[in-house]
Amino acid sequence: MSIKIDDITMTFKNGVTALNHVNLQLGHGIYGLLGENGAGKTTLMRVLTTILKPTKGEVTLDDITYSERNYEKIQRKIGYLPQELTLYPNLTVRECLEYLGELSGVSKKVCSERIDYYLEKTSLIEHQKKKNKQLSGGMKRRVGLIQALLNDPEFLIVDEPTTGLDPEERIRIRNLLVAFAEERTVLFSTHVVEDLAATCNRLAIMKRGNLIYNGSVLELIKEAENHVWICEVRDEMEARNMEEKYIISARQITEQGVKIKVISQAKPECICKPGEIMLEDAYMYITNFSNDSK
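If you read the sequence shown in this note's numbering, its first letter stands for residue 1, the second for the next number, and so on.
In case anyone wonders, no lab produced these hints; they're calculated from the structure.
One or more of the hints may lead you astray.
[What the hints assert, rightly or not] Under the rule of at most 25 Å between Cα atoms (straight-line distance), these lysine-lysine pairs were calculated in the BS3-like manner:
no., residue 1, residue 2
1, K73, K53
2, K222, K273
3, K4, K109
4, K130, K108
5, K131, K109
6, K73, K56
7, K73, K129
8, K131, K108
9, K109, K130
10, K73, K109
11, K108, K121
12, K121, K77
13, K56, K77
14, K56, K4
15, K259, K245
16, K109, K56
17, K77, K129
18, K259, K273
19, K4, K73
20, K129, K140
[To be verified] Beta-carbon label-pair distances, calculated as ranges:
no., residue 1, residue 2, range
21, K73, N201, 21 to 31 Å
22, E84, I171, 23 to 33 Å
23, E276, Q256, 27 to 37 Å
24, R76, G38, 29 to 39 Å
25, N90, M1, 13 to 23 Å
26, R234, I171, 32 to 42 Å
27, G38, D7, 17 to 27 Å
28, Q265, E194, 23 to 33 Å
29, Y99, A179, 22 to 32 Å
30, K133, P268, 11 to 21 Å
31, N90, K13, 27 to 37 Å
32, T55, T254, 51 to 61 Å
33, Q256, G38, 24 to 34 Å
Where is the CB? At the ideal position from N, CA and C, for every residue including glycine.
Turn these sequences into a full structure, and let the hints steer you where they fit.
Here it is in structure tokens:
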């Protein structure tokens, strides 16, 4: 499986450019997609699922060009969990999944087997007879993920799949995606950086429609070397003063005062030492100080 995004631009009728000459290539495995609200992540995913047609550029999936004559063929290869998912409220979980599987062209026998498998993997077996309108937000996300997996897609696109889940369930979903991606491609968009640190080898980071980083997690962390510092200040007032001058990724009250983690291009003007770089620190550094993020 190979997805190639070549010089994609998406400009809407109101003049807003949501994607600005984006180039990206995806192969097997899980690719993380990070960026603040409005960065262009959802627009990119909608282009990849054929919902939106880009203003400029070309997308190919296994050498199949994204064009209207090929959309049906492409859609059969794709599974998609959008951020906003509307399930049939008066159907039970199982009825809903059976209906969606039928719409996807999956045979009843295969569909039933896959529903059983994924209900167990997502801890929804005991809830399968509940109507969708009775489900919590986290349960609905899990049902949505199952519907995206029913056609056994070669390319799975998931937008915030762990929203509303407790820590144990988030780990279950992450493990499910890792196993699924062994021979497939998964594009995993989330605001939870911890989820990407636990699942992805490669990341794409967007800001204001631009792709500002494309590379490995380790390379991103290396980018932030000598830019993450641990500073200790006497009290809350000094901590607030530091927050006005620098980007702060963490803070902790200690017996001596306040310990803060600072993201800065230069060594802060205080007593400090280099800090351990976490993925979230590196993400904050690249989005605030890369040449393309200005």
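Checklist entry - That 23 to 33 Å hint for E84 and I171 (C-beta), does it hold up? => result 24 Å, holds
Checklist entry - K129 and K140: Cα distance at most 25 Å? => result 13 Å, holds
Item to check | Range hint compliance [Cβ, T55 to T254, 51 to 61 Å] | outcome: 52 Å, holds
Item to check | Hint consistency between K4 and K73 [alpha-carbon to alpha-carbon, up to 25 Å] | outcome: 16 Å, holds
Checklist entry - Is the hinted pair K73 and K56 satisfied, with a Cα-Cα distance of at most 25 Å? => result 22 Å, holds
Checklist entry - Within 17 to 27 Å or not, the Cβ separation of G38 and D7? => result With a Cβ separation near 21 Å, G38 and D7 satisfy 17 to 27 Å, so the hint holds.
Checklist entry - Holds or violated: 13 to 23 Å for the Cβ distance of N90 and M1? => result At roughly 37 Å between Cβ atoms, M1 and N90 fall outside 13 to 23 Å, so the hint is violated.
Next on the checklist: For K73 and K129, compute the direct alpha-carbon distance and say whether it is at most 25 Å.
Outcome noted: Cα-Cα ~33 Å, so violated.
Item to check | Restraint status (C-alpha distance of K73 to K53 at most 25 Å) | outcome: 16 Å, holds
Checklist entry - Y99 and A179, beta-carbon distance inside 22 to 32 Å? => result About 26 Å separates the Cβ atoms of Y99 and A179, which means 22 to 32 Å holds.
Item to check | Restraint status (C-alpha distance of K4 to K109 at most 25 Å) | outcome: 34 Å, violated
Checklist entry - Is the hinted range of 21 to 31 Å satisfied by the C-beta distance from K73 to N201? => result 29 Å, holds
When each numbered hint is compared with the structure, violations occur for hints 3, 7, 16, 17, 23, 25, 30, 33.
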